[in-house]
Amino acid sequence: AFVTPRHCSGRPTTAPSTGSLPDEVFFSGGHDQTLGTPKEGLSDDLDALAVYLKHLLTELKSPYRQPDGAFTPEALAGRALFESAETGCTTCHAGPRLTDSAFLPQGPGSPKMPLLHDVGTLKPSSGQRLGGPLPGIDTPTLLGVWATAPYLHDGSSPTLKAVLTTANPSDQHGKTSHLTPSEIAAIVAYLQQLEPSP
160 AFVTPRHCSG
170 RPTTAPSTGS
180 LPDEVFFSGG
190 HDQTLGTPKE
200 GLSDDLDALA
210 VYLKHLLTEL
220 KSPYRQPDGA
230 FTPEALAGRA
240 LFESAETGCT
250 TCHAGPRLTD
260 SAFLPQGPGS
270 PKMPLLHDVG
280 TLKPSSGQRL
290 GGPLPGIDTP
300 TLLGVWATAP
310 YLHDGSSPTL
320 KAVLTTANPS
330 DQHGKTSHLT
340 PSEIAAIVAY
350 LQQLEPSP
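All you need for my numbering is the position in the sequence shown, starting with 1, plus 159.
Just to be clear, a hint being listed does not mean it is correct.
[Stated by the list, open to error] Computed Cβ-Cβ distance ranges for the label pairs, DEER-style: (1) P270 <-> A306: 20 to 28 Å; (2) P270 <-> T231: 38 to 46 Å; (3) L219 <-> Q265: 32 to 40 Å.
[As the list claims (entries may be wrong)] In the PhoX-like style, the derived pairs of lysine-lysine whose C-alpha atoms are separated by at most 25 Å in a straight line are: (4) K213 <-> K282; (5) K198 <-> K213; (6) K198 <-> K271; (7) K320 <-> K220; (8) K334 <-> K320; (9) K320 <-> K282.
To be clear, the hints were calculated from the coordinates, so they are not data collected in a lab.
Here a beta-carbon is modelled for each residue, glycine too, at the ideal position from N, C-alpha and C.
Take the sequences, apply the hints, and build the full model.
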């Protein structure tokens, strides 16, 4: 049976699973979509883990925001750039969770395949997916990204600025090569001030 993706490559986990949802439950309705049908009540263990994780997320406040919790003016300017067609960031980082992470529709009886993107960082050493070349990466959320360095699937970018500049020379990870240093700084300020929703 197909195991749900647990890695940025979208490939299934290789570790045997205990205590997770059976495939027939996970793949029923919209349970297989990260933001689909709620999974609450399907597993006592997973419900307890969800309560614990929700508690952690509510405590994750960005130290980059203003003392009253509001975005700085620079971050607001960065948000406008981030959401503009000029950069294309929201092509992948969209919606309330700033991710387009989803499963692609497949034919009846076929395993569901994750939506993956090649943002120009894949190379032969990136690994494989299901015995073949890795075609792309599952889009992570950007909420709380200020606390998750280093960045990208391989940890090759030490800073958010590096993600937008040195790790993106061909504009495959958003169109940023034409931006000024102050515009890059504004987008970084916006990203640093994103907080997870409780």
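### Query
Okay, which hints does this one fail, numbers in order?
1 and 4
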